[in-house]
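Student: Residues per chain, in single letters:
Protein chains: 2
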Amino acid sequence: MTTQELIAQIHKKKSFLCVGLDVDTDKIPAHLLKEEDPVFAFNKAIIDATAEVTVAYKPNIAFYEAYGIPGWKALRKTIDYINENYPEIFTIADAKRGDIGNTAAMYARAFFEDLGFDSVTVAPYMGRDSVEPFLDFENKHTILLALTSNPGAFDFQTRDLDGKALYKRVLETSATWKNSSNLMYVVGATKAEYLREIRRIVPDSFLLVPGIGAQGGSLEEVCRYGMNENIGLLVNSARGIIYASGGTDFAEAARTEALKLQAAMTAFITE
Amino acid sequence: MTTQELIAQIHKKKSFLCVGLDVDTDKIPAHLLKEEDPVFAFNKAIIDATAEVTVAYKPNIAFYEAYGIPGWKALRKTIDYINENYPEIFTIADAKRGDIGNTAAMYARAFFEDLGFDSVTVAPYMGRDSVEPFLDFENKHTILLALTSNPGAFDFQTRDLDGKALYKRVLETSATWKNSSNLMYVVGATKAEYLREIRRIVPDSFLLVPGIGAQGGSLEEVCRYGMNENIGLLVNSARGIIYASGGTDFAEAARTEALKLQAAMTAFITE
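Taken in sequence, the protein lines are chains A and B. Going by full-length UniProt numbering, the first sequence wraps up at 271, each residue one higher than the last. Going by full-length UniProt numbering, the second sequence wraps up at 271, each residue one higher than the last.
I should point out that these hints are in silico values taken from the structure, not numbers from a laboratory. Idealized CB from N, CA, C, for every residue including glycine. Do not rely on the hints blindly, as some may be mistaken.
For the chain B half of the interface with chain A, some residues (derived, Cβ under 8 angstroms), not all of them [to be verified]: (1) D99; (2) T148; (3) F154; (4) F156.
Here are the computed lysine-lysine pairs in the DSSO-like style, where the Cα-Cα straight-line distance is at most 30 angstroms [said to hold, decoys possible]: (5) K73/B to K27/A; (6) K178/B to K27/A; (7) K73/A to K44/B; (8) K34/B to K27/A; (9) K77/A to K34/B; (10) K77/B to K34/A; (11) K77/B to K77/A.
Make the full structure from the sequences, and use the hints.
Tutor: Structure (structure tokens):
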């Protein structure tokens, strides 16, 4: 998917909502456990209920990998279902991969070609040759971890690397890499005050923002400091939407929560 | 596996060789492609041929993930085969994972419990809460990326974070985390001169050293600067062993190369 198609979808739906499909069989409604593939059954219902106001779906790959082969089957069915039924929706493999060149190329092929995701999250620690193989893919997007939403972000990311915070070095340095126009960045909403400075370094890039809701981030602050003229934001919510109800009404409850977030987002979108 | 068991195995085999099972179906002997599971058939033959002088096997997870579900089946058969037939051998899931707490816990369960690996490689960028869930597992080992063997290591790892190289901050900081005695570190052999300083910070930890052979590292330098009184090294070789021959004699050729490395290692092991 091109960035322009993503922007058009945001304006059409008046939403920059990303729904995190972090599906834990301990948390899904009990009646689904008798299905042949409970995780896919859950995802399908959530997707059908929320697609109208959602511009991106982000399965966290760990949650599928943890179930072994049945997990991978559920992941494949989920991405295939989105691509077949909602091809306009942007898909993110939240995998946070990072490895040397030839290995990075294997991961890129796995997520972009074999599974057919539009984007994948990647960790920056191993530097340029661990990221560029992902950037080679046209109309595919590499979402680099910059400033994450967890407490451990303060262990290294916010400390000064040669006089400037490591996460800023990651933004600056990665912008010099080949095909860097295919980069987006992960920036946690729990650190919205940092967004102003991030926008000085990467004014045009899309930012994937986790941490709204359960993790405490404020949508208003994210929009105030992080939005650019193309919106430039994908705001992720997972638990607040997908586990809004533990009963048979889970999909309807998810839709209600997604609609609330979309309504809040619409207020920040100017044509 | 306990660290003491690993050390005992090293002394018994007079070897600290780790064989990287980075298996690419484009590179394995053509006659294996008619097997039902060519990757597992290849691994089984390599393992049987090298186990006598090998103390650790390290499948690079990307190479399995790239093949989708058949890849995960081959990975599971491979780890099961090692655990059943060579339970004394240390196993490393080279996954380089790194994610927030609840997700890290999912990955830890997937690799330690579901698949039954002794250890997993983890990236440090997201800090403490992304690593500690792995450290919770008794007699399982978390191998943290410190200084990697690729050119991109110089993009961030070797630059000064608050006045000291980032990779040194990773070593120092991680040593303060809960259950840090379960940590080992990845240190690339192409930077053997750094090993002296690394040993000042983590004198007792095991170091997993990739980059010998194809990537240019010297075994002698690694031993001179990196060895401690418990040996404290696992030196990885992948392509130089597993692709030593592309013919029907591939397993015998792999054994020959593994024996050469073991003989070189033996010279550095004192009782």
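Student: Any hints from earlier that this structure breaks? Give me their numbers in increasing order, please.
Tutor: Hint check: 8 fails alone, others pass.
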